[in-house]
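So the protein sequences, as listed, match chains A and B. Take the first sequence: its position 25, counted from the start at 1, is 137 in the working numbering, and no numbers get skipped. Take the second sequence: its position 54, counted from the start at 1, is 70 in the working numbering, and no numbers get skipped.
Derived from the structure by calculation, the hints contain no laboratory data. Mixed in with the good hints there might be a few duds.
Covered stretches of chain B (in silico footprint by chain A; criterion: 3 or more residues with CB under 8 Å from a CB of chain A, positions within the stretch not fixed) [unchecked claim]: (1) 31-38; (2) 100-111; (3) 121-128.
DEER-style ranges, computed between Cβ atoms [said to hold, decoys possible]: (4) B:Asp100 - A:Arg162: 25 to 33 Å; (5) A:Glu171 - B:Ser43: 46 to 54 Å; (6) B:Pro24 - A:Asp130: 36 to 44 Å; (7) A:Glu129 - B:Asn93: 44 to 52 Å; (8) B:Glu69 - A:Gln195: 41 to 49 Å; (9) A:Glu127 - B:Gly32: 47 to 55 Å.
We treat Cβ as the ideally placed atom computed from N, Cα and C, and that holds for glycine.
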Amino acid sequence: AQKVTQAQTEISVVEKEDVTLDCVYETRDTTYYLFWYKQPPSGELVFLIRRNSFDEQNEISGRYSWNFQKSTSSFNFTITASQVVDSAVYFCALSDYTGTASKLTFGTGTRLQVTL
Amino acid sequence: ETGVTQSPTHLIKTRGQQVTLRCSSQSGHNTVSWYQQALGQGPQFIFQYYREEENGRGNFPPRFSGLQFPNYSSELNVNALELDDSALYLCASSLESAVDSGNTIYFGEGSWLTVV
Numbered sequence: 113a114q115k116v117t118q119a120q121t122e123i124s125v126v127e128k129e130d131v132t133l134d135c136v137y138e139t140r141d142t143t144y145y146l147f148w149y150k151q152p153p154s155g156e157l158v159f160l161i162r163r164n165s166f167d168e169q170n171e172i173s174g175r176y177s178w179n180f181q182k183s184t185s186s187f188n189f190t191i192t193a194s195q196v197v198d199s200a201v202y203f204c205a206l207s208d209y210t211g212t213a214s215k216l217t218f219g220t221g222t223r224l225q226v227t228l
Numbered sequence: 017e018t019g020v021t022q023s024p025t026h027l028i029k030t031r032g033q034q035v036t037l038r039c040s041s042q043s044g045h046n047t048v049s050w051y052q053q054a055l056g057q058g059p060q061f062i063f064q065y066y067r068e069e070e071n072g073r074g075n076f077p078p079r080f081s082g083l084q085f086p087n088y089s090s091e092l093n094v095n096a097l098e099l100d101d102s103a104l105y106l107c108a109s110s111l112e113s114a115v116d117s118g119n120t121i122y123f124g125e126g127s128w129l130t131v132v
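Bound-form chain B, shown alone (with noise of 0.2 Å):
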């Protein structure tokens, strides 16, 4: 076990919907990222949360957006759901410094999300 959980699980939306997801990071790391992984792919940087400030997002509208807590947990919000935002979501933890120290990134078991 990685020590990064996330809930919930498994949840259905419709179209036009919003969603929350959390996420409590590994004990001890201070950064948070999000990645989207759609069937059959590898999964794609969302974005990434570093002292509750966002520090670097992939390639997703602004739709899509997040929130770190004081401890450290993490929230991803989506708005307005689309058909192709149907994915498993991951929450990853690690411990960032300012410098690129290649440190280990842990998953968590993912929120998988079906938009109808």
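This is chain A alone, in the form it adopts within the complex (with noise of 0.2 Å):
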């Protein structure tokens, strides 16, 4: 079955300071898409990257960097130079494909809070 690891429940730091949002997975599929999403106080859910399981390049966008490594099957998110308005719960999701429909699993959130 698919699983979703977030062990950091909450992580507070001080503004400017780089903070790095770890996720485990779990899967027996060779093709799968995994996904971080942002989920501000209002609720929406925020898609902020997607990574097929065949790229394992990082990516960089802004002050946002994600790691990729399928030998550890991890797909850590950084933070650089973080912001108060970067303080939201931040969920780590993978694909589940079901033969007729595509859901996600997601991972039980980290909450990020930037202060002054």
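Both chains are sitting in their own frames, so use the hints and assemble them into the complex.
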């Protein structure tokens, strides 16, 4: 069965610090997709990135970067020079194709609190 | 904004009652999924609709049912509400095909349901 583990329940940092959110996944599929979403207090899940299992290149988007390591089944997310606006709950998710439907299996999320 | 809109945003129901939640998918998206997110947890897949047919279901009882309309909008119905049904209900839309393409799933802001 698919499983996503986000061991960090809550992280608090001071603005401008770098922070890494960990994600470890389990799957038997050879082709799969990994996602990160941000959930502010409003509730909406904001899409951040999608990565397929064949692309292990790290990706950088502004202050955000992602490190995908298939050997350790990890897909970690780093925010450089964090800002107060980064405060939110962050979810890592793994695609699960049932043969007819595509669904996401989510981790339990990491709450990031950035203070001044 | 993702273009996925949900209504109502908040509602309170009494145990045993029935509730209907509505969702308009992003323009051009033919697939709608519903997720339940309990407090402090990651979203859990309820079911998915593709071309007006349910094509995948998570571990939820039959009192959770849905519809998808020709314009791809959708409803989630929950009968015989229980206290544990209190959660954020998220609608998500995507463009699916017959195979797992790993297309990004976009979420709405959710409907906060409280059962008392």
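Kindly confirm whether 44 to 52 Å is satisfied by the beta carbon distance between A:Glu129 and B:Asn93.
-> 46 Å, holds
May I ask you to test the hint 47 to 55 Å on the CB atoms belonging to A:Glu127 and B:Gly32?
-> Distance hint for A:Glu127, B:Gly32 holds at roughly 48 Å.
Per the coverage rule (Cβ-Cβ under 8 Å, at least three residues), is the region 121-128 of chain B covered by chain A?
-> Per the Cβ count (7), the hint holds.
Check of the region 31-38 of chain B against chain A for coverage (Cβ-Cβ below 8 Å, three residues minimum) | This one is violated; 0 residues, fewer than the three required, reach chain A with a Cβ under 8 Å.
Outcome of range test on Cβ distance (B:Asp100, A:Arg162; 25 to 33 Å) | 32 Å, holds
Status of the given 36 to 44 Å range, CB of A:Asp130 versus CB of B:Pro24 | Holds, at about 40 Å.
Does the Cβ distance between A:Glu171 and B:Ser43 fall inside 46 to 54 Å?
-> Violated - the Cβ-Cβ distance for A:Glu171 and B:Ser43, about 27 Å, lies outside 46 to 54 Å.
Between the region 100-111 of chain B and chain A, see if three or more residues pass the 8 Å beta-carbon test, and mark the coverage as holds or violated.
-> The restraint on the region 100-111 of chain B holds, since 4 of its residues have a Cβ under 8 Å from chain A and three suffice.
A:Gln195 and B:Glu69 - C-beta distance against the hinted 41 to 49 Å | Holds, at about 44 Å.
In summary, the numbered hints that this structure violates are 1 and 5.
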